[in-house]
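Engineer: Sequence:
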Amino acid sequence: MRVHVCGVRGSTPAPGPDFVRYGGHTSCVALSHDGEAPALVLDAGTGLRRVTALLDGEAFRGAILLGHLHWDHTQGLPFFAAGDRPDARVRLCLPAQGDPVEVLGRFMSPPHFPIPPTSLRGAWTFEGLDPGVVEIEGFTVLALEIPHKGGRTFGYRVSDATGVVAYLSDHSPVSLGPGPDGLGPYHEAALALAEGADLVFHDAQHTAEELPARAAFGHSAAEYAVGLAESAGAGAAVLFHHDPNRTDDAMDALVGALPPAKVEVVAAREGTVFDVGR
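Position in the sequence shown (first residue = 1) + 69 = the numbering used here.
In short, the hints are calculated from the structure, not lab data.
There are no misleading hints in this set.
Derived DEER-like restraints, expressed as beta-carbon distance ranges:
#1 E278 / S188: 43 to 49 Å
#2 G85 / P328: 29 to 35 Å
#3 V335 / G265: 14 to 20 Å
#4 V342 / G251: 33 to 39 Å
#5 S188 / R221: 21 to 27 Å
A virtual CB, placed ideally from N, CA and C, is assigned to each residue, including glycine.
Given only the sequences and the hints, what does the whole structure look like? Please build it.
Structural biologist: In structure tokens, the structure reads:
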């Protein structure tokens with residue numbers, strides 16, 4: 070399994086010279102089977118634009134899974150050049166909550182945007198997912214509901230014959246209680262998604278010090294992300310959904326200040342490629 074990191078920020082893009090090394094696009098991760106073009110995309114933030122360049126001029130033929138419907142996970146949809154062409158084939162899945170076209174159309178239709186989702190070119194289908202296991206583009210996907218403020222939110226566990234990637238881009242475990250460290254419990258759904266995963270992409274928008282003042286925003290501390298990966302016996306914690314105001318130097322400082330961990334800890338950077346199972 071090859072994992073392409075295409076967008077790493079939360080809330081809003083972060084352009085400018087202070088955000089070059091980690092990147093400024095919002096949430097998007099593309100997965101492919103070894104040697105093949107990406108066929109499964111997790112979230113459609115502005116980082117989705119980067120997926121087009123991975124396809125060598127070809128149309129996208131695959132699926133997009135949305136963890137939830139906040140702007141920083143959907144705004145790339147109308148700007149996905151490889152998906153908006155006559156020969157594209159796109160299966161767009163989101164947590165079930167009524168008619169998916171109507172729900173998506175609340176942000177993508179006049180007067181907020183010139184066209185609705187159904188006007189994207191190519192063969193697009195839209196469907197709501199319920200928690201459970203589904204086979205998508207040769208990957209086995211476990212979808213489970215996780216707490217996050219402002220709408221139904223799923224975390225995903227994606228596996229194939231070579232490896233497992235867990236993706237919890239927006240997660241507010243502290244809303245379920247303080248847990249062992251005051252950062253929220255390592256609850257059943259989070260552990261099920263992360264158990265034994267090679268990579269755990271996890272919301273790390275805050276630090277433990279920042280979290281008390283920002284808990285109402287619905288995100289996690291980086292220290293929780295590391296603790297979850299350790300508790301689940303994962304291979305690596307990939308800190309994700311970075312605060313849009315956290316500069317490259319501040320990201321370096323955040324990672325450097327974390328205590329020693331039993332797992333590898335990296336902060337997600339745009340353009341990084343992970344080869345899982347090698």
